[in-house]
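On the provided structure of chain A, position chains B and C as indicated by the hints.
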Amino acid sequence: MEYLFHIMVITGIYIILTQSLNLVIGYTGLPSLGHAAFSCVGAYTSALLALYFGLSPWFGIIIGACAAIAIAAVLGAASLRLKGDYLALATLGFGLIVYSVAKNWVLLTEGPMGLPGIHRFSILGFQLSEAWSYLLLVIAFVLLTNLVLKRIVNSPFGRVLQGVREDEVATLAMGKNVNKYKITVFVVGAFFAGIAGGLYAHYITFIDPSSFTVMESITILLMVVFGGMGSLTGSIIGASILVLLPEILRFIGLPSIVAAPLRQMMYGLLLVVLMLKQPMGLLGKYRFR
Amino acid sequence: MFFQLLFNGIIAGSAYALVAVSFTVIYRVVKFFHFAHGIVYAIGAYFAYTLYAVHGVNFIVSLLLASMLTGLIGITIDRFVYSPLRRRRSPNLVFLLASFGIFIFLQNLLQLIYGVQVLTLRTDPVKEGFHFLGAVITGTQILIVGTSVIVTLGVWLFVKKTKLGKAMRAVADDPWAASVVGICPQRIIVASFFIGSALAGAAGVLVSLETNIDPTMVMNTILKGIIASIIGGIGSIPGAMFGGLFLGSAENLGIWQIPSGWKDCIAFGILILFLLFKPGGISGVRAEKECL
Amino acid sequence: MNVLEVRNLFKNYDGVKAVENVSFGIPKGVIAALIGQNGAGKTTVFNIITGFLKPDSGCIIFKNKDITSMAPYQITQRGIGRTFQNIRIFSQLSVLENVMLATKYGHSESLWAALFRGREIRKKDRQNQERAESCLMLVGMHDKKNELAEDLSHGQRKLLELARIIALDPEVFLLDEPSAGLFPETISKMCEIIHQLRDSGKTILFISHDINVVMGLAEKVIALNYGIKIAEGTPSETQNNEAVINAYLGRRRAIAP
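Residue numbers (my numbering), protein chains in the order written: chain A, 303 to 591; chain B, 16 to 307; chain C, 277 to 533.
The set of hints was computed from the structure by calculation and includes no laboratory data. Possibly wrong hints are sitting among the right ones.
[Said to hold, decoys possible] With a straight-line cut-off of 27 Å between C-alpha atoms, the simulated DSS-like cross-links for lysine-lysine are:
| hint | chain 1 | residue 1 | chain 2 | residue 2 |
| --- | --- | --- | --- | --- |
| 1 | A | 482 | B | 293 |
| 2 | C | 399 | A | 482 |
| 3 | C | 293 | B | 293 |
| 4 | A | 482 | C | 341 |
| 5 | A | 482 | C | 330 |
| 6 | C | 400 | A | 452 |
| 7 | C | 330 | B | 293 |
| 8 | A | 385 | B | 46 |
| 9 | C | 330 | C | 341 |
| 10 | C | 399 | A | 452 |
| 11 | C | 421 | A | 452 |
| 12 | A | 482 | C | 400 |
| 13 | C | 399 | A | 587 |
| 14 | A | 587 | C | 420 |
| 15 | A | 385 | C | 330 |
| 16 | C | 380 | A | 482 |
Next up, chain A with everything else stripped away, as it sits in the complex:
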């Protein structure tokens, strides 16, 4: 039962990551391949504030998300003049720079050793150390994220985002400041990714750079594509299935040394099959051929 709660917490965190990436790539069409970098910044910021200053996670994750916003603004501004493949490559490189910093700035982040002993959330003095209590917290955040993102995509702002995705030039010709929208969307996506990172840090109580690799970013991207680009509901389903399904491998008793690469192989295969057969994923509204 504990185990089930644990899986659901992880699923919740991935739902937040998937939906926030969907905003950037599914609705706005910006190929962001470094999303894990934002949750990395959020996680480390919150963890360090907790470890060095004893700051409550409630504040920690907000500040962490703000730190993620800061670097997203930089990335966003830099990315304005890049298109397509080159933008994808730049975001990938950016994600790798953040990972590299986390791994090498040992003075700050303890490098590959990671940061252990991060304390958990507590509400009114009651520490959320049980998985079920944490699950409730994560569910609350998932609902909040979903609410906010839904408001955004169903608004005039959201319509402009889709215009940017469909035809940037035409959107400019409609009098919209496309650059401003692009940066804003990167920032919003990063904010929620930062929150997700903070939630992760204060749950596992240990973080190290290996949770924020390129593979992580690609996995989140797979969840977006699988669930459907441009569908927030699809992201919920996509993330859930892709977190739960590999757990079945665990149940049939495969040793972790086999289960881990097998899980990744499933992801890789799914990505290829999706691209060949159903790039729109499960609920994709955007005919992404």
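Here is chains B and C on its own, set in the frame of chain A:
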């Protein structure tokens, strides 16, 4: 110290150059970043390892067989994944994602088969290297540098002088026009995948003589190959070599005063700088302008 | 008074003189046509006027303000709207949504509004939708309002672009080949709409290859050839202009002095 770092840079750069040149051969005709190229590099090394270190097959034969295998794998990837996507005229992002999917699949397959053990083809004890300008360089390292120069030159001449090479240039320039003059773009693409992937496999074998190759770091290798190609001007073969050497030197000289773990950061920092300020690379290859 | 003025435009592309010392003015409330052979520089001029291209030298004056260095979105906000030669629509959005994007929402299209001004944007969206639907009715596309723009035929797409620019309600309309590929009935409808726009005080400058449309619609014609302006005047003046005849028909070769 400086010369040692420079030599290290040239050696690493030669490895990057080999990856970059083989990558460029393919990029020119398909025009997207075929990330899966990185994994055939590793497959070449692992296959040669199985033949040479495990079964004692002659080294040259292992090298040739490994190259053949990776060449065929390259063709297979194109046949079953990229070709259908091309027919459907998918946007580049679809190709990119499919490429990642292949990469992840094959990378983990390698890990399943060979385990996480790091392998090396170095079966002889580490030999004393040559002393030159106050730095040490081994025979193997000279071999790698020399090979990369020969391969680059060979590929460049091939593309420039041979009939197939010219056909490849035509398809790279304009597949439609090429087909009008009787060149079959699909065949040229298949040939490019074979040549590029075979070269990558061979490069993997050679480099594994010097360093350890493990599946988890191959993503870095292909990325650096791509970075090198961009530095030298994407699509340019001599540019790929130059870019590789530039990158290798920048990385190794860059860590003079700082811990060596920062090499990757330097490489990706250079990538971002070039993408932002000189996307056409040193040679200033012009990116396609959008028509209004 | 000229609402739009193009002064001494020069634009070079790798040695090809796309636009060479082109100057002309469009008075307010006039329907003008920009004609010329393929490659004469017409779309280049449009791109420069609307800020998508920066000229090597020269300037664009709109309502007595120099707009040459402005960004395309700013120029649109100031009152110049355009359509594109190779139609640019939002394929994966519905016809209605395409037109609903063509409005001056301003603050309502911001993130802040999306998060905190729900009631305000709902009201704006209702008004916007009514407006978009009336523009669609004007061009006869109202019954297709919920269709995906991608599924439209070429002619319907052109009408959609027209509906969109009407919804944008700029002071100056720059239409790039508005009649290209349209059926004759559609063309006459389009001409009718353009007359209505002019009657309501708008200024229109359009590019066209269709000599009938040019003669029937335009009150002023500017002719370009190889990037140089060769004529500027009424349609009949232009029709009888020696240089224009040479450019189009090449019958009498002009002897260079």
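Each hint, compared with the structure:
no.: 1; hint: A:482 with B:293; in the structure: 24 Å, holds
no.: 2; hint: C:399 with A:482; in the structure: 24 Å, holds
no.: 3; hint: C:293 with B:293; in the structure: 26 Å, holds
no.: 4; hint: A:482 with C:341; in the structure: 25 Å, holds
no.: 5; hint: A:482 with C:330; in the structure: 21 Å, holds
no.: 6; hint: C:400 with A:452; in the structure: 18 Å, holds
no.: 7; hint: C:330 with B:293; in the structure: 20 Å, holds
no.: 8; hint: A:385 with B:46; in the structure: 14 Å, holds
no.: 9; hint: C:330 with C:341; in the structure: 16 Å, holds
no.: 10; hint: C:399 with A:452; in the structure: 18 Å, holds
no.: 11; hint: C:421 with A:452; in the structure: 24 Å, holds
no.: 12; hint: A:482 with C:400; in the structure: 21 Å, holds
no.: 13; hint: C:399 with A:587; in the structure: 26 Å, holds
no.: 14; hint: A:587 with C:420; in the structure: 19 Å, holds
no.: 15; hint: A:385 with C:330; in the structure: 20 Å, holds
no.: 16; hint: C:380 with A:482; in the structure: 16 Å, holds
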